[in-house]
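The residues making up each chain are set out below.
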Amino acid sequence: MNVMQSFKMAIKSITDNKARSVLTMLGIIIGVAAVIIMVSVVQGSNRWTQEYYEMQGTNKVTINAYVYSGQNITEELSNYCKGISEYVAGFTPNGYYGGSGIKYKTNNTENMEYGSPSIYLGSDQYSLCNNFTLEKGRDISPLDVKNENQVVVLGARVAEFLFGVSDPIDQTVTIGGYPFTVVGVYAAKDPNSDYSQDNMAVVPYSLNRLLNQGSSSFSNFTVKATGREEANIAVTMITGFLSGLIPNGTGDYWVQSENQWQESDEEYTRQMSLIVGGIAGISLLVGGIGIMNIMLVTVTERTREIGIRKAIGGSRKSIIMQFLIETAVVCCCGGFIGVVLGYLGTVVVGKLLLDMFLLPSVGMTIGAVGFSVVLGIIFGMYPAVKASGLQPVEALRAD
Amino acid sequence: MISMKLIDVKNVWKIYNEGYENEVRALADVSLEIDRREFVAIIGQSGSGKSTLMNILGCLDVPTYGEYYLDGQLASEMSDAQLSKIRNREVGFVFQGFNLIPALTALENVELPLAYQGVFGSKRREMAMEALERVGLAERYDHKPSQMSGGQQQRVAIARAISTRAPIIMADEPTGALDSKTGRHVLEILHGLHDEGTTVILITHDNKIAATAERIVRISDGKIVQDCPREEAEL
Numbered sequence: 001m002n003v004m005q006s007f008k009m010a011i012k013s014i015t016d017n018k019a020r021s022v023l024t025m026l027g028i029i030i031g032v033a034a035v036i037i038m039v040s041v042v043q044g045s046n047r048w049t050q051e052y053y054e055m056q057g058t059n060k061v062t063i064n065a066y067v068y069s070g071q072n073i074t075e076e077l078s079n080y081c082k083g084i085s086e087y088v089a090g091f092t093p094n095g096y097y098g099g100s101g102i103k104y105k106t107n108n109t110e111n112m113e114y115g116s117p118s119i120y121l122g123s124d125q126y127s128l129c130n131n132f133t134l135e136k137g138r139d140i141s142p143l144d145v146k147n148e149n150q151v152v153v154l155g156a157r158v159a160e161f162l163f164g165v166s167d168p169i170d171q172t173v174t175i176g177g178y179p180f181t182v183v184g185v186y187a188a189k190d191p192n193s194d195y196s197q198d199n200m201a202v203v204p205y206s207l208n209r210l211l212n213q214g215s216s217s218f219s220n221f222t223v224k225a226t227g228r229e230e231a232n233i234a235v236t237m238i239t240g241f242l243s244g245l246i247p248n249g250t251g252d253y254w255v256q257s258e259n260q261w262q263e264s265d266e267e268y269t270r271q272m273s274l275i276v277g278g279i280a281g282i283s284l285l286v287g288g289i290g291i292m293n294i295m296l297v298t299v300t301e302r303t304r305e306i307g308i309r310k311a312i313g314g315s316r317k318s319i320i321m322q323f324l325i326e327t328a329v330v331c332c333c334g335g336f337i338g339v340v341l342g343y344l345g346t347v348v349v350g351k352l353l354l355d356m357f358l359l360p361s362v363g364m365t366i367g368a369v370g371f372s373v374v375l376g377i378i379f380g381m382y383p384a385v386k387a388s389g390l391q392p393v394e395a396l397r398a399d
Numbered sequence: 001m002i003s004m005k006l007i008d009v010k011n012v013w014k015i016y017n018e019g020y021e022n023e024v025r026a027l028a029d030v031s032l033e034i035d036r037r038e039f040v041a042i043i044g045q046s047g048s049g050k051s052t053l054m055n056i057l058g059c060l061d062v063p064t065y066g067e068y069y070l071d072g073q074l075a076s077e078m079s080d081a082q083l084s085k086i087r088n089r090e091v092g093f094v095f096q097g098f099n100l101i102p103a104l105t106a107l108e109n110v111e112l113p114l115a116y117q118g119v120f121g122s123k124r125r126e127m128a129m130e131a132l133e134r135v136g137l138a139e140r141y142d143h144k145p146s147q148m149s150g151g152q153q154q155r156v157a158i159a160r161a162i163s164t165r166a167p168i169i170m171a172d173e174p175t176g177a178l179d180s181k182t183g184r185h186v187l188e189i190l191h192g193l194h195d196e197g198t199t200v201i202l203i204t205h206d207n208k209i210a211a212t213a214e215r216i217v218r219i220s221d222g223k224i225v226q227d228c229p230r231e232e233a234e235l
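In order, the protein sequence lines correspond to chains Z and R.
Going by the working numbering, the final residue of the first sequence carries number 399, and the count climbs one at a time with no gaps.
Going by the working numbering, the final residue of the second sequence carries number 235, and the count climbs one at a time with no gaps.
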């Protein structure tokens with residue numbers, strides 16, 4: 001009796017007992033599909049978090065520093081950051097113009113569907129710190145900051161609202177009643193979101209006095225570190241610098257790496273992956289036990305058949321082989337259907353929950369199927385090994 | 001020269017639950033020799049141990065003590081794999097309850113021992129069909145056991161037993177579940193096989209059926225109490 005014969009016999013046995021075979025498969029189908037969907041959704045949400053932080057700009061360090069006397073520390077801080085370029089790639093004050101919108105001819109951003117844009121006061125490195133890239137024109141230059149040039153770089157959403165398809169570069173818009181020349185437009189970061197990060201504009205921070213009536217100091221700054229580790233070093237160094245600049249009792253400051261939010265989010269999703277993976281693993285295990293249960297019943301039901309097979313010359317090996325192939329075929333079919341359902345489920349759930357196109361990873365798919373097949377075979381084999389060890393006469397006595 | 005002695009049972013015991021309160025001595029110190037081409041009937045009351053003896057002769061069970069030689073080989077000491085081979089090549093079984101596999105057709109049931117022997121494809125089908133023709137059931141080859149009468153099922157079982165052309169046929173109450181006419185037909189087939197040179201060992205409690213054999217072995221309480229040619233037996 002060769003493998004091919006055993007294979008044919010196994011297929012025949014499966015097709016002769018369709019209901020039993022389908023029930024056996026069900027455990028594996030549900031188990032594999034559940035593992036694939038759950039793990040993929042967690043991985044997808046992990047990716048979503050990562051993309052969110054990447055959009056925000058990674059390795060950011062936020063500085064809040066305030067001197068009670070109202071002393072402007074922007075230049076000191078800026079110069080210090082320039083001096084530690086090994087760790088700091090960019091520096092910008094985070095100013096904000098709280099007045100009315102931007103106007104161009106008859107268009108006024110106050111009429112935008114999801115609200116007027118945020119108008120930031122930043123340095124020439126604002127875009128670097130906040131992960132904006134230029135699409136048209138130029139960025140704010142150090143000279144613009146130095147000379148208090150009334151220039152503005154528009155976010156994609158604002159440019160589209162004010163200018164439509166025409167070119168905004170070198171056009172004049174008004175902000176708070178002052179004329180500003182549009183020198184550049186940033187590329188869209190999240191064009192599909194209603195409250196998009198592209199609904200913004202940046203002007204040189206030196207215009208703070210002009211726009212915010214007199215106030216010239218900033219208390220909030222963003223630093224772009226050169227890497228993940230460097231962000232932590234930058235936090236320590238800047239904290240040290242500020243402790244000298246703002247002695248106790250003269251002001252307040254704190255410096256924080258934005259990465260810690262990302263890290264805690266990543267830790268959260270990592271833990272979620274473990275929990276979900278564990279639950280999914282248990283569901284697979286239950287599927288495997290289901291197979292063992294059904295195989296146990298099957299073998300008990302077929303002990304007489306095993307006796308007949310042994311009586312007419314079936315060896316223990318050939319009988320185990322037949323049951324092994326039978327279980328393997330059932331598990332593989334179940335695994336395959338589970339993978340198909342898992343992929344479909346992942347796409348649907350990904351779209352509904354995360355609005356993302358999710359696809360399960362190949363490694364995880366192979367792992368889930370492999371695990372279920374191995375489990376099914378181990379559990380399915382046990383009763384067959386037991387029954388085939390009986391003397392034929394004992395097996396023949398079974399009803 | 002081939003020895004005439006095919007079966008040689010020496011002081012065989014079969015004890016169930018040995019050492020326990022419910023110990024049963026199914027066979028006690030049984031010795032028996034059967035030559036090639038004999039037609040032997042092993043008879044006895046229900047529970048006398050005749051089926052236990054057949055199970056040991058057919059290598060379906062192993063003796064607790066004693067030695068059993070089949071065709072010169074010590075079967076009582078063989079491994080599971082060796083016993084499987086013996087059952088496949090040397091012995092064809094016919095059981096009272098037919099013991100066909102319900103999910104398989106008549107032809108597939110008959111093909112099964114050939115499959116275990118490693119006979120493939122058309123050769124296997126040809127041999128199985130030949131065996132079915134022999135018992136007059138060739139036209140029913142695609143019927144499942146549930147679609148056949150008891151007599152037909154027993155004929156399929158005989159076809160399965162002879163499909164490998166085994167030198168020994170062991171039949172345990174082969175007519176027990178059949179009406180007398182069908183039973184006679186089954187016996188005729190067994191006699192036909194014997195005429196062609198097959199050794200037939202028939203287990204029965206029915207003296208009339210035993211009377212068709214050449215030699216009678218009577219068992220009572222696990223012991224052989226009579227072993228003689230039919231003519232001398234008290235039936």
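Simulated from the structure, these hints should not be mistaken for lab results.
Just so you know, these numbers come straight off a predicted model, no measurement behind them.
Check before you lean on any hint, since a few could be wrong.
Claimed, not checked - Straight-line alpha carbon distances no greater than 35 Å define the calculated DSBU-like cross-link-like pairs of lysine-lysine that follow:
| no. | chain 1 | residue 1 | chain 2 | residue 2 |
| --- | --- | --- | --- | --- |
| 1 | Z | Lys386 | R | Lys181 |
| 2 | Z | Lys317 | R | Lys85 |
| 3 | Z | Lys18 | R | Lys181 |
| 4 | Z | Lys18 | R | Lys85 |
| 5 | Z | Lys317 | R | Lys144 |
| 6 | Z | Lys386 | R | Lys10 |
| 7 | R | Lys10 | Z | Lys8 |
| 8 | Z | Lys12 | R | Lys123 |
| 9 | R | Lys181 | R | Lys123 |
| 10 | R | Lys144 | Z | Lys386 |
| 11 | Z | Lys317 | R | Lys208 |
| 12 | Z | Lys8 | R | Lys144 |
Unchecked claim - Sample of chain R residues with no beta-carbon within 12 Å of chain Z, all distances over it, derived:
| no. | residue |
| --- | --- |
| 13 | Cys59 |
| 14 | Arg134 |
| 15 | Gly183 |
C-beta: ideal position from N, C-alpha, C; glycine also.
query: Given the hint that Lys12 of chain Z pairs with Lys123 of chain R, does the C-alpha gap stay at or below 35 Å?
result: This hinted pair holds, its Cα atoms lying about 21 Å apart.
- prompt: Taking 35 Å as the top limit, are the C-alpha atoms of Lys8 of chain Z and Lys144 of chain R close enough?
  reply: Given that 35 Å is the threshold and the Cα spacing comes to 18 Å, the pair holds.
Hint consistency between Lys10 of chain R and Lys8 of chain Z [alpha-carbon to alpha-carbon, up to 35 Å]: Violated, at about 42 Å.
task: For the pair supplied as a hint, Lys317 of chain Z and Lys85 of chain R, confirm whether the alpha-carbon distance does not exceed 35 Å.
output: At roughly 12 Å apart (the allowed maximum being 35 Å), Lys85 of chain R and Lys317 of chain Z satisfy the hint.
message: Tell me if the straight-line CA distance from Lys18 of chain Z to Lys85 of chain R falls inside 35 Å.
response: 32 Å, holds
- prompt: Does the no-contact call for Gly183 of chain R survive, Cβ to all of chain Z over 12 Å?
  reply: Check passes; 22 Å lies beyond 12 Å.
message: Just to be careful, I want the Cα atoms of Lys18 of chain Z and Lys181 of chain R compared with a cutoff of 35 Å; is the pair within it?
response: Roughly 39 Å separates the two Cα atoms, so the pair is violated.
task: Measure nothing beyond the straight line between the CA atoms of Lys317 of chain Z and Lys144 of chain R; if it is 35 Å or shorter, mark the hint as holding.
output: 27 Å, holds
message: Would the hint linking Lys317 of chain Z and Lys208 of chain R be met if the CA-CA limit is 35 Å?
response: 42 Å, violated
- prompt: Would the pair Lys181 of chain R and Lys123 of chain R pass a check requiring their Cα atoms to be no farther apart than 35 Å?
  reply: Given pair Lys181 of chain R, Lys123 of chain R holds - Cα atoms ~34 Å apart, limit 35 Å.
- request: Could you check that no beta carbon of chain Z comes within 12 Å of the beta carbon of Arg134 of chain R?
  value: 17 Å, holds
- prompt: Should the label of Cys59 of chain R as a non-interface residue stand, given a Cβ cut-off of 12 Å to chain Z?
  reply: Since the minimum Cβ distance to chain Z is about 8 Å, Cys59 of chain R lies within 12 Å and the statement is violated.
Checked against the numbered hints listed earlier, the structure breaks hints 1, 3, 7, 11, 13; every other hint is satisfied.
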